[in-house]
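Trainee: Take the sequences, apply the hints, and build the full model.
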Amino acid sequence: MINTATNHSKHAVASLIALRRFILSIFGRMKKLIYFLLALSIHFTSCKKEPTTWNSEYAAPLVYTTLDIGDMINDSNLVVNSDSTINLFIEREIYRLKIDSLFSTPDTTISEIYKVPIPGTLSVSPGFTFISEAEESTFNIAGAELKYISLKGGQLNYEIISYVTGPTIDSIIIPSATKLGATFSAVINLPLSDGISPAIVAGSVDLTGYEMDLTGSDGLKYNTLVSKVSATIDPSASSPVDISNSDSIRVNVSFENIEPEKAIGYFGSESVEVPLDSTMIPFMEKIIDGTLDLDQVDLNLSITNGIGVDIQSNISELSSISGSGSVAMSHSSIGTPINLSRPSRIGWVINSSIYTATYNSSTSNLEAFIENLPNKISYAAQFQINPFGDVNSHGDFFSSEYPLKANISLDVPLCFAANNLTLQDTIRIEIDQDTSRMKGGTLLIDAVNSFPFGAELQVYLLNEVSGITDSIVTQPFIAPAVVNALNEVTSPSSSQVSLVLDTDQMHQLIQSGMLLTKVIFNTTNLPNMIKVKDWHKIDLRVGATITYQHIVN
Amino acid sequence: MKVLAATILIFASICGFSQSLFHEILEEADNRPLIISAHADVFYQGQGLPNKFINKFLYGGHIDNDLKDEVENQLKTEDNRFGVGFRTGVKIYDLSDSLFKNGNWGFAVALEHQQLLTSSFSKDLFHAAFVGNADRIGQDLNMGPSYFNSIQFQTLEFNFVHKQKQCEFGLAIVKGQSHMELAADKMKLNTAGDLSEITLITDLSFFRSDSSNARLSAFNGIGAALNLVYFIPITTSGSRASLEGAEKGDVKSTLGKLKLEIDNFGLVSWMTTPTSYDLDTTFSYKGYEIQNLFNQDLSNLIDQDALIDSVQPTPSSRSYRSLLPAVFSISFIPGLQKSNSITGLAGASYQINANSKPIVYGGVSYKLNDRISSSLIGIVGGYGTINAGLQLRYNSSNVSAIISSNNLIGLATKNGYGKHLNFGVLCRF
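Chains as they are written, first to last, in my numbering: chain A, 1 to 553; chain B, 1 to 429.
Hints were generated in silico from the structure; no laboratory data involved.
A few of these clues could be false.
Pairs of lysine to any residue residues, derived as SDA-like cross-links and limited to a Cα-Cα distance of at most 25 Å, are as follows [as the list claims (entries may be wrong)]:
(1) K68(B) - A60(A)
(2) K68(B) - T503(A)
(3) K414(B) - Y58(A)
(4) K439(A) - F126(B)
(5) K68(B) - G440(A)
(6) K286(B) - T52(A)
(7) K537(A) - Y288(B)
(8) K286(B) - I429(A)
(9) K68(B) - F53(B)
(10) K186(B) - Y58(A)
(11) K439(A) - N190(B)
(12) K439(A) - Q139(B)
(13) K286(B) - L443(A)
(14) K286(B) - V500(A)
(15) K188(B) - L62(A)
(16) K56(B) - G440(A)
(17) K188(B) - I429(A)
(18) K439(A) - K68(B)
(19) K56(B) - T547(A)
(20) K286(A) - Q291(B)
Negatives, chain A to chain B, calculated, CB over 10 Å [claimed, not checked]:
(21) L122
(22) G195
(23) D295
(24) D298
(25) V412
(26) D446
Don't be surprised by glycine CBs; every beta carbon is placed ideally from N, CA and C.
Mentor: Written as C-alpha cells, this is what we have:
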C-alpha cells in the first residue's frame, strides 16, 4: 500500500512538472496565434465606421371622423325643423348693468373713543360694566339713499385698543344688522394694559347673509347704521381693577368689499353711459373672403329690466363689423329714446319688464348687416335712471338675481348661397416625439360628402417669420354632393385630397409648429340657394404614408 | 452584428464546426500524451443577400433603393435563410495511458463559446422591414412563415477517448448566456386600399431570455449536451492496392475514414426572468376616431404606449427550454499516403434549430508533401446555395495548423454571398 501511494505521489509530481513545462511551451507556441486573433478581432469590431441607414415608406390610417352640421356649429345653436331643414339660432348677452352704475359701497371706516364716564379713580370688581354706549354711523354710499341692504359678501374688521389695567370683555353689537333673525354681535376678550402700552386685539367677521336696516335709531334716516359698544371687567379677573376717566377704549370698525344682494331706497337720477363696445362672433373672424347670400334672417334685440327704477334708454349705434368694413343697423329703434317701465315685485320675486325690437329685411337693412359677415357687432347706448326723480318715495329696489341686461338673438335658416366663401385658420401642431427620422410623407384625406357644397382645401407651411410657402395640397378639391333639379341632395360624392411633404417641408413644419389652412366653399348651382339638412354630413378618413429613416449603429 | 474571428481544430471537417482529431492523433501522434488545440470559426451568409448588402448592414452605409431592389429580386417568396455564427474554444487531450489504467483510453476537456443568429424569412418580411408597406396599399404582405433564432452559450466538455476504437464521446455542461426565438408561422399584414384599415393576422410564438443582462458573464440558463465522434476506417482489398511488398489479393488498403459526429446535442433551460408568449389573433387598426373635429385636442392623438400595449399580449415569465443548435455530420476523410497524391472527400451535415438546410459537400484532397496538404470542395446547402471551399493544412510532428473557408467567392469578392473563415492550431507534447 505504502509503495503504491509513493508511486502515485511521484507520478503526480512528475505530471505537475510536465504540465507546467507543457503550458509554458504552449504559450510560447501559441503566442503568434493569439496576436493574430487579437488583430482579427480588433479588425472586425472596429470596421463599422458609420451607421447603417435605409429609408422605408409606411402607410397607416391615422384618424377618422364624421362631421355633420352639429359638429361644425354648436348643437345648442341649431333648431331642426319638421322638414329636416335647420335654423341657426344664436343668442348673446351684449350688456349687463353693474350695480356700481347705480350706487357704490366703498370701504368705510368708523372710529370711536370711549372713555370711562366717572371722575377720579374707582376700584371696580370683576364683572363690572364701565362702558355701554349706542352710536349711529353713516355708510358712505355714493349716489343713493338706501333704507335697506342685504349682503352677499363683505366683512367687518375691528380693532380694539384698551388702556384699562385689567382684563376686559368688550362687545360690538349692531342691532340693525341681522342674519337669520340674530343680531350682529362680536365679543372680544382683551388682556390688561400696563396703562402706558395699550392692549390691542383685532379681528374680522364675515358679513355674508346679513341684512341691514339703514334708517337709523328713529327709522327716518338713510344709509345709517346703529351700533352699541360695551366694556366689562372680565368676571374671571382675580382682583378688583382700578379705573379712572383717563382710561379709554378705542374701537375702529371698517366695512370692506361690501357686495349688495338686495337693496331698497332711492337710487338717484344717474345717467349711465354704455360706451362704444363690441362683442365677438366666434368663428366668423375666420371668414376672409367671398360672399354669402342668406334667406330670411331675423335679429331680435331685447332689453330686460329687473331693477326697480324707471329707465329711459337710447341705442345710439349697432353695427356689423368685418374685415371688409362695417354696416350700421338702420331701424326705428336706433337713436330713438326707449322707455323701460319699472318692474313690479311681490316680496323679492320681481317681474322684469322687457322691451323687444325685431329687425328683419322688411323693417331694417338686416340682410346687408349679416351678409357683411361680421366677426363682431359693435354697440353704444345711454341709460337714464329715474328720469322723473324719486317718484316712488325711496321705493327703488334692486336684486342681484334680476339685472338690467340687453340680449340679441339671431335666427338664420341654413338656406344660403356661398360663392368662394373663404375660411382661413392657423393650426398649431405640437409633436413631442422625435421626428428627425421622418423624411417626408403624404396625408391622404378620403372624403365622402353629402353636403350640397364643395370645398377647396389649401394648406400652407409657415416659416419662422410667418412667411407663407406654396400650398402642400396636390389634390385640393372635395366635391359637393350630387343634387337634383331642386338643388336637393340625392347622393354623396367621394373625393380624395392629398397633402405632400418632403423632408425640408416636414422639418419646416416641425420647427414652426404651424399650418395655415384655407378652405374655399362654393354651394351647388350658384346663385341658387341650398338648404342644409340635419342628415347632411361628411365622412373623413385620414391616412398617412411616412418615409422613415432607419438607423442602426 | 459584429463578426469575430474563430479557430477550429486542425482536423475538423471543412464545412462544419466539428472538431475531431482522431485520424491524425492515432496515426501520427499516438505517442504524445498531451495535445492542446485552439480553434475559431466565423461566418455570415444569406441566401439572396449579397455581400454588398450584408456589408452595409453589418459595417455601415446607406442601403439605397437600387440595392434593396436587387436583393428583393433575388429572394424567394419564402424560406430565405440567413445566418451569422461565431465559435471559439480550446481543448486539451490527455492521451496518457493512465486513465482507467488502460492504454486505450484518454480524456479531453474543452471550453467553448458559441453564438449563432439565424433566420428563415419570407420575401415580404424583407419588404416590410426595408421597403415598407406604402407600395402595397390594397395588398397583403405575407411576412410569415418567418423564423428567427439567436443563442449565445458556453460549454465545458468532458470527453472520453478510445484510441483503438477511434471514438470520442462525452458530456458538456452548458451555460446559457442569451436566447431569443421567434417562430411566426403566419404574419400577414393587409393595408386597405383606401388606407382605412391595417390588419395584422398573426400566429406566432416568442421566447426570450433575460434581456436586461446578455453579457458574456450572464448566467440565464443551464443545460447539458452530448458529443460524439466516431471514425470508421474504410479499407479495400489488396487486389487493386499497390502497397509495396504485398502480394496482390492478399492485403487490405486503407482508403480513409468515415467520420460520424454529433456535436452539442442537448438543451438549455432558460430560468432567469425569461419572457414568452403565443399570439394567434388578428389585429385591426382603423385609426383614431375623432368625435368632434372642432372640439378636440388634436395634439398627441396616438398614444404609442397604449397602442403597443393593445397589440402585445401579456407575456409569461415561466422558464422554458430550447434545443441547442446541434450538428449531425458524416464525412469521408481520405487517407493521403504519398506526396503529390490526390484523393476524393465528401460529407454531409445538418444543424438543427438553426434555420439551415442540410449541407452536402464533395471534393478532392491533395497532399503536396509530408507536411502540407489541401482540399478543394463544392458545397450545397446551409445558408447558401452552391459554394466553393478551400482548406490548407500544415502538419509537423509537434504542430498542426489549418485555415479554411467554405465560401471562397464571398471571401474574395464583393459579389459573393457571405463570408466564412476558420482556422485552428494544435500542438503535441
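Trainee: All the hints need checking, so say for each whether the structure fits it.
Mentor: Checked hints:
Pair hint K68(B) plus A60(A) holds up; C-alpha atoms about 22 Å apart against a cutoff of 25 Å. In summary, the hint linking K68(B) to T503(A) is supported, as the alpha carbons are separated by about 21 Å, within the 25 Å threshold. Between K414(B) and Y58(A), the direct Cα distance comes to roughly 31 Å. Violation of the 25 Å bound is thereby established for this hinted pair. With a C-alpha separation of about 20 Å, the suggested pairing of K439(A) with F126(B) holds against the 25 Å cut-off.
At roughly 19 Å between alpha-carbon atoms, K68(B) and G440(A) fall within 25 Å of each other, so this suggested pair holds. As the CA atoms of K286(B) and T52(A) are separated by approximately 32 Å, the hinted pair breaks the 25 Å bound. Taken as a hint, the K537(A) and Y288(B) pair is honoured in the structure, with Cα atoms around 19 Å apart against an allowance of 25 Å. Only pairs whose Cα atoms come within 25 Å are accepted, and K286(B) paired with I429(A) is accepted, the gap being roughly 22 Å.
Our distance criterion of 25 Å between C-alpha atoms is met by K68(B) and F53(B), whose separation comes to about 8 Å. Restraint check: the Cα-Cα separation between K186(B) and Y58(A) comes to about 20 Å, which is no more than 25 Å; the hinted pair holds. Restraint check: the Cα-Cα separation between K439(A) and N190(B) comes to about 24 Å, which is no more than 25 Å; the hinted pair holds. For the proposed pair K439(A) and Q139(B), the alpha carbon gap of about 24 Å is at most 25 Å, so the pair holds.
Proximity of K286(B) to L443(A) is assessed by CA-CA distance (about 15 Å); at most 25 Å being required, the pair is judged to hold. Restraint check: the Cα-Cα separation between K286(B) and V500(A) comes to about 21 Å, which is no more than 25 Å; the hinted pair holds. The hinted pair formed by K188(B) and L62(A) meets the criterion: a straight-line CA distance of about 20 Å does not exceed 25 Å. For the hint pairing K56(B) with G440(A), the CA-to-CA distance comes to about 24 Å; that is within 25 Å, so the pair holds.
Among the hinted pairs, K188(B) with I429(A) is inconsistent with the structure: their alpha-carbon atoms are about 34 Å apart, more than 25 Å. With a C-alpha separation of about 18 Å, the suggested pairing of K439(A) with K68(B) holds against the 25 Å cut-off. Straight-line distance between C-alpha atoms of K56(B) and T547(A) comes to about 20 Å, which keeps the hinted pair within the 25 Å bound. Using a Cα cut-off of 25 Å, the hinted pair K286(A) and Q291(B) holds, with the two alpha carbons roughly 22 Å apart.
Distance check on L122(A): its Cβ is at least 77 Å (rounded) from any Cβ of chain B, clearing the 10 Å threshold; non-interface status holds. Every C-beta of chain B lies more than 10 Å from that of G195(A), the closest at about 69 Å, which supports listing it as non-interface. Against chain B, the non-interface label of D295(A) holds: every CB pair exceeds 10 Å, the least being about 25 Å. Every CB of chain B lies more than 10 Å from the CB of D298(A), the least distance being 26 Å, so the non-interface label holds.
Look at V412(A): its CB is around 19 Å from the nearest CB on chain B, clear of 10 Å, so calling it non-interface holds up. Look at D446(A): its CB is around 5 Å from the nearest CB on chain B, not clear of 10 Å, so calling it non-interface is violated.
Checked against the numbered hints above, the structure breaks hints 3, 6, 17 and 26 and satisfies the rest.
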